[in-house]
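Build the full structure now, drawing on both the sequences and the hints.
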Amino acid sequence: MTKLTTFNASDNHVQNRLHLNETNSDKLQVLDSLFLDEFKKISTYPDPSNAELINTLAEFYHVPKDMLILGNGVDEIVLLMCLTFLKGGKSSLIAEQTFPGYETSTIVVGGKNIKVPLVNLKCNLERFKDGINDDVAVAFLCNPHNPTGSLMRINEVEQFIEVMNQNNIIPIIDEAYIQFADEQKHSVLQKIANGANAIVLRTFSKAYGLAGLRVGFAMGPKALIDLVAQSALALPFRVNRFAQRLAGEVLSLGTLEKTVQEVNGLMAQLTAQLSQNNIEFVPSSTNFMCFKPHHGTEQLMARANHLGTQVRDCTAFGLSGWIRASICSQQDLHNLLNLLSIVPVEAKDEELLQTCE
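1 is the number of the first residue of the sequence shown in UniProt numbering; add one for each residue after it.
Don't take each hint at face value.
Straight-line C-alpha distance at most 35 Å; calculated DSBU-like pairs for lysine-lysine [claimed, not checked]: (1) Lys65 <-> Lys41; (2) Lys112 <-> Lys191; (3) Lys258 <-> Lys87; (4) Lys40 <-> Lys191; (5) Lys90 <-> Lys112; (6) Lys222 <-> Lys112; (7) Lys87 <-> Lys122; (8) Lys90 <-> Lys115; (9) Lys258 <-> Lys41; (10) Lys129 <-> Lys41; (11) Lys112 <-> Lys65; (12) Lys292 <-> Lys115; (13) Lys122 <-> Lys112; (14) Lys258 <-> Lys65; (15) Lys122 <-> Lys191; (16) Lys40 <-> Lys185; (17) Lys185 <-> Lys65; (18) Lys129 <-> Lys40; (19) Lys40 <-> Lys90; (20) Lys129 <-> Lys90; (21) Lys112 <-> Lys185; (22) Lys122 <-> Lys222; (23) Lys90 <-> Lys258; (24) Lys112 <-> Lys87.
Restraint ranges, calculated between C-beta atoms of paired labels, are given here [stated by the list, open to error]: (25) Gln190 <-> Ala223: 11 to 21 Å; (26) Asn120 <-> Glu298: 20 to 30 Å; (27) Ser43 <-> Ile154: 45 to 55 Å; (28) Val108 <-> Glu298: 26 to 36 Å; (29) Ser252 <-> Glu96: 22 to 32 Å; (30) Lys191 <-> Gln299: 37 to 47 Å; (31) Lys129 <-> Asp226: 27 to 37 Å; (32) Val119 <-> Ser43: 39 to 49 Å; (33) Lys222 <-> Gly89: 42 to 52 Å; (34) Asp182 <-> Gln276: 38 to 48 Å; (35) Ser329 <-> Lys191: 25 to 35 Å; (36) Ser341 <-> Lys191: 44 to 54 Å; (37) Thr44 <-> Asp66: 22 to 32 Å; (38) Gly321 <-> Lys129: 23 to 33 Å.
Honestly, the hints are just simulated from the structure, not real lab data. All of these numbers come straight from a predicted model, not from anything done at the bench. All C-beta atoms in this analysis are idealised placements derived from N, C-alpha and C, irrespective of residue type, glycine included.
Structure representation (structure tokens):
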């Protein structure tokens with residue numbers, strides 16, 4: 001079996017976490033009572049059917065319940081997809097530099113990966129077409145893309161789905177970061193809800209700020225979801241009771257728009273600072289930025305370790321020389337600019353005023 005790469009080492013010692021694209025969850029204070037209520041039931045197994053959260057999602061997205069399946073994060077759902085659709089050593093079609101879960105899950109179930117290159121650090125439909133052969137069963141498209149943050153427009157994603165359908169390949173669209181990119185304009189979720197033959201993946205780990213609960217879901221045609229549900233029977237209690245309860249409540253809090261606005265505002269500030277300091281970066285539609293530090297990644301990672309700040313060296317993704325860092329607070333932005341030895345113009349002005357006084 002191919003030796004797999006470990007992408008996520010222990011990080012309990014890290015002071016400033018900019019490496020896992022997390023988002024703050026101040027809203028959880030509102031959920032304290034619900035958490036304690038579920039804690040009283042901790043000696044009992046969670047509902048294996050996830051009925052309450054499935055019902056909430058079905059109502060929220062206006063789809064039948066049988067178009068939905070939950071998992072212990074998108075990672076588990078990807079593994080379930082591979083278990084279901086890659087039997088007999090079939091292949092996954094993926095980008096060369098992308099979320100590693102697609103490749104890892106494919107290998108673990110005995111499948112093969114066919115990788116296609118990015119074009120200007122973006123997923124490209126023509127390159128995906130070039131990778132198609134009779135052995136390909138599924139095609140994973142991460143949009144917005146991880147680790148670059150780039151975005152394929154909705155018409156391109158629709159063409160991707162159409163091309164895969166024409167070749168009897170199941171298109172799986174991972175929209176983990178779509179809320180940061182104008183969901184109404186760029187998501188294919190409603191098109192799938194209306195009958196498009198594809199599967200879309202969503203998570204509560206990013207914009208909703210519930211990464212520690214591990215809960216994600218897939219939406220797709222009933223026939224495909226039913227097949228995945230058969231594989232999921234091997235893991236009947238996949239989603240813990242805290243995740244089932246709190247994820248449903250977060251949907252009703254109405255805090256998503258405020259969170260997205262705050263993060264997008266911070267990302268705009270970061271974009272401006274990188275531009276002013278001539279640091280090459282990929283324009284991002286997410287809560288993270290992929291950039292190329294002036295003095296290389298090795299020196300930056302050493303400085304990051306010294307400062308207690310963790311960012312992601314994208315060499316493991318196949319992007320040598322690039323760094324990925326996420327921003328979810330003004331403090332995160334400050335820590336990243338400090339890591340890059342950037343003093344914002346506003347800060348310089350304040351220092352000058354203090355000197356004059």
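Inset, instruction - Enumerate the violated hints, using their earlier numbering and listing them in ascending order. - result: The structure breaks hints 3, 4, 10, 16, 18, 19, 23, 29, 32, 33 and 34; every other hint is satisfied.
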